[in-house]
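Just so you know, the sequences run in chain order A and B. Residue numbering for the first sequence follows our numbering, starting at 1 and increasing by one per position. Residue numbering for the second sequence follows our numbering, starting at 1 and increasing by one per position.
For the record, the hints were derived by calculation from the structure and aren't laboratory data. Note that this is a predicted model, so its numbers are computed, not measured. For glycine and all other residues, C-beta sits at the position ideal for the given N, C-alpha and C. Hints are not guaranteed to be accurate.
Claimed, not checked - Which stretches of chain A does chain B cover? Using the computed rule of at least three CB atoms under 8 angstroms from a CB of chain B, they are: (1) 96-110; (2) 168-181.
Stated by the list, open to error - Computed list of lysine-lysine pairs in DSS-like fashion (alpha-carbon distance at most 30 angstroms, straight line): (3) B:LYS147 with A:LYS52; (4) B:LYS39 with A:LYS171; (5) A:LYS52 with A:LYS39; (6) B:LYS147 with A:LYS147; (7) A:LYS171 with B:LYS126; (8) A:LYS171 with B:LYS52; (9) B:LYS42 with A:LYS171; (10) A:LYS126 with B:LYS42; (11) A:LYS52 with B:LYS52; (12) A:LYS126 with B:LYS126; (13) A:LYS42 with A:LYS120; (14) A:LYS127 with B:LYS147.
There are 2 protein chains.
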Amino acid sequence: MPRETLVDSRQEILRTAARLFQQRGYDATSMNDVAAALKLSKGGLYHYFQSKDEILFEIMNHAMDLTQERVIDPVRAVQGAEERLRALIRRHIEVVLSVRDREITVMLHENHHLAPALRKRINARKKEYVHFVEGLIADVQRARQSKASVSPRAAAFALLGMINWIYQWYKPEGALQAADLIPQFTELIFAGAFV
Amino acid sequence: MPRETLVDSRQEILRTAARLFQQRGYDATSMNDVAAALKLSKGGLYHYFQSKDEILFEIMNHAMDLTQERVIDPVRAVQGAEERLRALIRRHIEVVLSVRDREITVMLHENHHLAPALRKRINARKKEYVHFVEGLIADVQRARQSKASVSPRAAAFALLGMINWIYQWYKPEGALQAADLIPQFTELIFAGAFV
Chain A
1 MPRETLVDSR QEILRTAARL FQQRGYDATS MNDVAAALKL SKGGLYHYFQ
51 SKDEILFEIM NHAMDLTQER VIDPVRAVQG AEERLRALIR RHIEVVLSVR
101 DREITVMLHE NHHLAPALRK RINARKKEYV HFVEGLIADV QRARQSKASV
151 SPRAAAFALL GMINWIYQWY KPEGALQAAD LIPQFTELIF AGAFV
Chain B
1 MPRETLVDSR QEILRTAARL FQQRGYDATS MNDVAAALKL SKGGLYHYFQ
51 SKDEILFEIM NHAMDLTQER VIDPVRAVQG AEERLRALIR RHIEVVLSVR
101 DREITVMLHE NHHLAPALRK RINARKKEYV HFVEGLIADV QRARQSKASV
151 SPRAAAFALL GMINWIYQWY KPEGALQAAD LIPQFTELIF AGAFV
């Protein structure tokens, strides 16, 4: 099989598994269920993933890959501390609201059991992202000689909470859409953390 | 059995069940597991709750009761729009950080399967709380004749995200404690939403 097809198939499996895990619950979904939803034989599925644990880990890891590719890497290329932070807020909200990957990114924060070694790897990537956001906020505070008493760490957790919480209330047909949300959350953080 | 004992026992069951659901996963935990952890017979547990679904619903409902008793009711009694919002931020953070009830409140936001009628009741209570917070923020914006372009709705979701997300990163032994977090999150919202 050409490598492209393999990569596409893996992502397709992860998306389908993430959807099933959310519809039926992680524990209640079997490898058989995942294979059936994909019209794969059980052997066909095991060709890609050895276990449900591995699928869960790869879903979370893929969510962090998406964050790396669509948020961290492009943000690093932006000039200017303020513009970098604005780009981060916009891009992170876009990832969270992406219809295609919503189920993948939601899984990142659900409390399911992962072998300690795998959990550690995901937590290390999450921590790295928190530090990245914290650094951007510290840069803007310095650039603006801000008098805010909000520390970069507290502001980073606040920002990540605001954004990662969106999936709890967001409705595609609701009044509050990405186009309104991005400027409002950006203003809230800029006014709140850079007095 | 006197009523007090019944109420205490129910809460004890809910706390233990919530802890097990988080340690082992909701689907992977059986009514037998819950009974065993409480040193109850299966019949003894069914005396209180008919099913695991009912326990899950009652955990979520109890989390909303805690919000009502420890946040909404006392906040309503506070004089002055600003002081009411400050009290809400402080009290909600205290509920989220309460060691005794942490597992109960976390369950409120996990994505588990609940019969649609029960899910509806929980969602109605959550929605009522969002409206309460939104109303407080609108009151402060009016009182301050704020020029902020952040709508009370967006600010309410931002605030609830900041606070409800705390359980994802908070460590009792970490550098950021409730005593630091409350004033920083309060400043962030006050500066951010009431420019």
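Evaluated hints:
Here the region 96-110 of chain A counts 3 residues with a CB under 8 angstroms from a CB of chain B, which clears the bar of 3, and the coverage holds. Taking a C-beta to C-beta cut-off of 8 angstroms, the region 168-181 of chain A contributes 6 residues in contact with chain B, enough for the three needed, and the coverage statement holds. The straight-line distance between the Cα atoms of LYS147 of chain B and LYS52 of chain A is roughly 51 angstroms, outside the 30 angstroms bound, and the hint therefore fails. At roughly 43 angstroms between alpha-carbon atoms, LYS39 of chain B and LYS171 of chain A are farther apart than 30 angstroms, so this suggested pair is violated.
Using a Cα cut-off of 30 angstroms, the hinted pair LYS52 of chain A and LYS39 of chain A holds, with the two alpha carbons roughly 17 angstroms apart. Proposed proximity of LYS147 of chain B and LYS147 of chain A is supported: the alpha carbons are some 21 angstroms apart, at most 30 angstroms. Proposed proximity of LYS171 of chain A and LYS126 of chain B is supported: the alpha carbons are some 15 angstroms apart, at most 30 angstroms. At roughly 29 angstroms between alpha-carbon atoms, LYS171 of chain A and LYS52 of chain B fall within 30 angstroms of each other, so this suggested pair holds.
In summary, the hint linking LYS42 of chain B to LYS171 of chain A is not supported, as the alpha carbons are separated by about 41 angstroms, beyond the 30 angstroms threshold. The straight-line distance between the Cα atoms of LYS126 of chain A and LYS42 of chain B is roughly 41 angstroms, outside the 30 angstroms bound, and the hint therefore fails. For the hint pairing LYS52 of chain A with LYS52 of chain B, the CA-to-CA distance comes to about 24 angstroms; that is within 30 angstroms, so the pair holds. Annotation: proposed proximity of LYS126 of chain A to LYS126 of chain B holds, straight-line Cα distance about 28 angstroms (limit 30 angstroms).
The suggested pairing of LYS42 of chain A with LYS120 of chain A holds, with an alpha-carbon distance near 29 angstroms, which does not exceed 30 angstroms. Using a Cα cut-off of 30 angstroms, the hinted pair LYS127 of chain A and LYS147 of chain B is violated, with the two alpha carbons roughly 36 angstroms apart.
This entry does not satisfy hints 3, 4, 9, 10 and 14, going by the numbered hints stated previously.
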